[in-house]
Structure formats: structure tokens, C-alpha cells
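Given next are the chains, with one letter for each unit.
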Amino acid sequence: MRIKLTNEPIVHHDMVENCRCKSAGAIVLFLGTVREITGNEQTLSLEYEAFAPLAEKTLIEIAEQAKSKWGIQKLEIIHRLGILQPGETSIAVCVSTPHRADAFAACQQIMDKIKEVVPIWKKETSPKGVSNWIHPKI
Amino acid sequence: MRIKLTNEPIVHHDMVENCRCKSAGAIVLFLGTVREITGNEQTLSLEYEAFAPLAEKTLIEIAEQAKSKWGIQKLEIIHRLGILQPGETSIAVCVSTPHRADAFAACQQIMDKIKEVVPIWKKETSPKGVSNWIHPKI
Amino acid sequence: MIKISVVFFAGARDIVGRNRLEIEIPPQTNIAELREILIVKFPRLEDLARRAAFAVNEIFVLTDTLLVENDEVAFLPAVSGG
Amino acid sequence: MIKISVVFFAGARDIVGRNRLEIEIPPQTNIAELREILIVKFPRLEDLARRAAFAVNEIFVLTDTLLVENDEVAFLPAVSGG
Chain A
0 MRIKLTNEPI VHHDMVENCR CKSAGAIVLF LGTVREITGN EQTLSLEYEA FAPLAEKTLI
60 EIAEQAKSKW GIQKLEIIHR LGILQPGETS IAVCVSTPHR ADAFAACQQI MDKIKEVVPI
120 WKKETSPKGV SNWIHPKI
Chain B
0 MRIKLTNEPI VHHDMVENCR CKSAGAIVLF LGTVREITGN EQTLSLEYEA FAPLAEKTLI
60 EIAEQAKSKW GIQKLEIIHR LGILQPGETS IAVCVSTPHR ADAFAACQQI MDKIKEVVPI
120 WKKETSPKGV SNWIHPKI
Chain C
0 MIKISVVFFA GARDIVGRNR LEIEIPPQTN IAELREILIV KFPRLEDLAR RAAFAVNEIF
60 VLTDTLLVEN DEVAFLPAVS GG
Chain D
0 MIKISVVFFA GARDIVGRNR LEIEIPPQTN IAELREILIV KFPRLEDLAR RAAFAVNEIF
60 VLTDTLLVEN DEVAFLPAVS GG
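The listed protein sequences derive, respectively, from chains A, B, C and D.
If you use numbering that gives the first Met the number 0, the first sequence corresponds to residues 0 to 137, in order.
If you use numbering that gives the first Met the number 0, the second sequence corresponds to residues 0 to 137, in order.
If you use numbering that gives the first Met the number 0, the third sequence corresponds to residues 0 to 81, in order.
If you use numbering that gives the first Met the number 0, the fourth sequence corresponds to residues 0 to 81, in order.
Extracted from the complex, chain A is given alone in its bound form (with noise of 0.2 Å):
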């Protein structure tokens, strides 16, 4: 189980050659990627802060919450910091497990629950150069 934050890219390929495993019968990564269109607006480019040590904190507890439920064999988080152009990956999860359901339910609760709880925030720049935190629940 590796889960980190992280100022680099994220490598996706080495996090699915680190959940294959003989004892799992599937493997499902889920990348989040910078859109560059939502609606009408357009995005130039994010930029992640979190609050890193409660952040590390709770994707752990995230990840062996899901661990017991799910089956899961092998599992990795990373979650980029820093500013992000449209089409890179600001989050990967990969998950393995015996059977495909509970690999696609583990890695899609994973992904719910740390866009509910995990403390990281994303500021959004527009090409008009107006920048703008998220904050979802205002």
C-alpha cells in the first residue's frame, strides 16, 4: 500500500504494475485529469494545496477502511500538489482485487470519499487570469 502527495507527475503505469498480483483478478486505476472546459468556462490551469499531514492522515484511514471492505489486495493513492495544466493528473487511485465488482465499487468509494473529506483544496485560473479557490459547499 503506497499513498502520498506528491509536487512530481504521477507515474500511472508503475501504480498498476505495483497492484498486479496473482491473487487478484482485477485491476482499476481511476486518473482525475485537469478539464479544460466546464460549461462555459474555461480553465487554464489548477493549483492543489493541501494540508498535508491530516491530508496523508486521512487517505490512510480512507485506504484501510476500503481494504477490509472490499478485498482489496493490492492498493495505491497519489494526489499531485502544485499548479496543473489541463490534461494532467491531479489524482490516481489503483486498486486489485479477487473480482472485478468489488474492485470498480473500492476504487470509485475511495475516489467519493476523498473528494468528501480529504483536506485539499484547488484554485482555478482562467485565461482572463482571475483566479478563483473552490470551495464546492458555498
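Derived by calculation from the structure, the hints in this document are not laboratory data.
Fair warning: this is a prediction, and the values are worked out from it, not measured in the lab.
Certain hints may be false.
Some chain A residues close to chain B (C-beta under 10 Å, calculated; not the full set) [as the list claims (entries may be wrong)]:
no.	residue
1	Lys21
2	Arg34
3	Ile59
4	Ile82
5	Arg99
6	Gln107
Beta carbons are placed, not taken as given, at the ideal position from N, Cα and C, and that holds for glycine.
Assemble the complex: chain A is given as a structure, and chains B, C and D must be docked to it using the hints.
Only chains B, C and D this time, still in chain A's reference frame:
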């Protein structure tokens, strides 16, 4: 959109990169891998065989339906044929969509349909050398 | 009589002992009737045949589909790919 | 009075104008009360504060948690990572 049957190992890194695009916020990659142990049974190897022309046509139909249903931006499906060892990838499906729920749903539904209708079969060989074609409804 | 061919896959091919069978059937035979003909010829095929799908000339068909001269029927036992 | 520090992130930091604030509060102040103190000090923080989560010394806490000398409170506006 790339859909193929192959006797070569599946290169998942390229599939993900081919699905990455600025209009997508989510990429989901599914890999089916050869499991060594199922219950008390051990698998030495699996051999996959296809009725290739109809399998390819059926995969394309599944892909086209999923594309319009889920707003898929890019999609790749590769199914391996021939003899595979435990841990190897037998199938890979990769999709990108603007939002993540659609990527998970699309990838999972594509896999479900492939398992149900595409004319591909596997033969399992045990460590004792006994081989059996798997026909799940029997 | 008309002449058609039937191609077999996976466990069905093992039972039949070959990939392809050329056979003569009465005109107006449909897939369901062909299936019975095959079961008579290869009784061990019955379990697979009852749950098989069929394609004619590489298109999936229903069992009421009528066969014509030179059709290539694919006998597709329950699939296990993925 | 006791001395604590509050750390701010993202939009909250922009409103407060800095990462970290050292403030003195009455003993037995809880998180909910601290939140009101912060809103009085920084009225533009109110929308974020009403929906913020809080951690003390890097552990998530409920708003009835009492603060003690030297606690480090993290003011965590609604998250948007992933």
C-alpha cells in the same frame, strides 16, 4: 477509439495516454488479470480463443453504444488471446469522460457486456495438467 | 438438400473433434432444427447446444432464422472471455 | 486567557491574509465559539466558516471540542481536491 484482439502483451500505459484529453476530467482503466487461485483451485495458465471477426464486431458495437450513452471522450478495448500466465492481463478497457461517475459506470458496463456476449472463451489448465474450457452457464 | 458449414469453438470443438463441419440439411431448416440435428450427430454436445448462441455469416441470429445454401453457421457455446 | 494558533488554507487564508494567526481566547472556549470569534474578527470568513471542518493538532474534531493552551487549530474550508 481503438478496439483490438491481440496475441501480444497489453500495454496499459499507452491506452491511458491515448484516452487522456483536455475535455475529460476522469479516466478509468480496467485490467482483467489471470488469477492463480480461485477457491481451492489453482490455475497454471489460461488460454483464450476468439471467433475473431464476430468478437471484434461485437466489441465495436458495445463501444459505440457506451460512447453515446456515457459521453465518453475516448475509449480503448484490447483483449489478449493465446496462453497467459497468472498475473498477466487478459483484457483492458480504458475510457475517459468529463465527470468521474460516468467513467466508472461506462467502464464497468462495457466489461459486463463483454463477459456476457463477446465470443471469446478461456481454457483453464491446472498444475496437474488437466485442461477445461470454461462455459459458465453449464 | 442444401449444403452448409458449421464452425465450432472451445468446448464444442473438442466434442466435435474439429473446427468445421460441412453438412447437408433439408431446405427451410432453421437454427433450432439444425441444433437438434447436431445433437443427434454428437449427443455430448447437448448441454452446450442448449445454451449456445448462433451466428450466420458472422452475424448473431435468433433460432428461428432459416438457413440457405452455403451459409456458415457459428456454434457459440456460453462465453467466458474477459 | 489561553493562547492558541489557527492555521488557514485556500480561500480562508486569502481572506485572513496569512497562514497562521496566534490569538488569545478565554479558557473553556470550544471550536464553535472560536468560529464566532473568527467571524467577528474577519466578517468575510462567515460563509466559509459555517461550512468549514476543524482539526486540532492534526486530528479532526467536533465543534464542541474544548481548546487548551498551545492548541493548533486548522480551519478547513469545504474541500475540492481529487
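Here's how the hints hold up against the structure:
Against a cut-off of 10 Å between C-beta atoms, the interface hint on A/Lys21 holds, since the closest Cβ of chain B lies about 4 Å away. Contact between A/Arg34 and chain B, as hinted, is supported at the beta carbon level, the nearest pair being about 4 Å apart and thus within 10 Å. Checking A/Ile59 against chain B by beta carbon gives a least distance of about 22 Å; that is not within 10 Å, so the hint is violated. The interface hint given for A/Ile82 is broken, as the beta carbon of that residue sits about 16 Å from the closest beta carbon of chain B, more than 10 Å.
For the restraint placing A/Arg99 at the interface with chain B, the shortest Cβ-Cβ distance is roughly 6 Å, inside the 10 Å limit, so the hint holds. Among the interface hints, the one on A/Gln107 holds; its C-beta lies about 5 Å from the nearest C-beta in chain B, closer than the 10 Å criterion.
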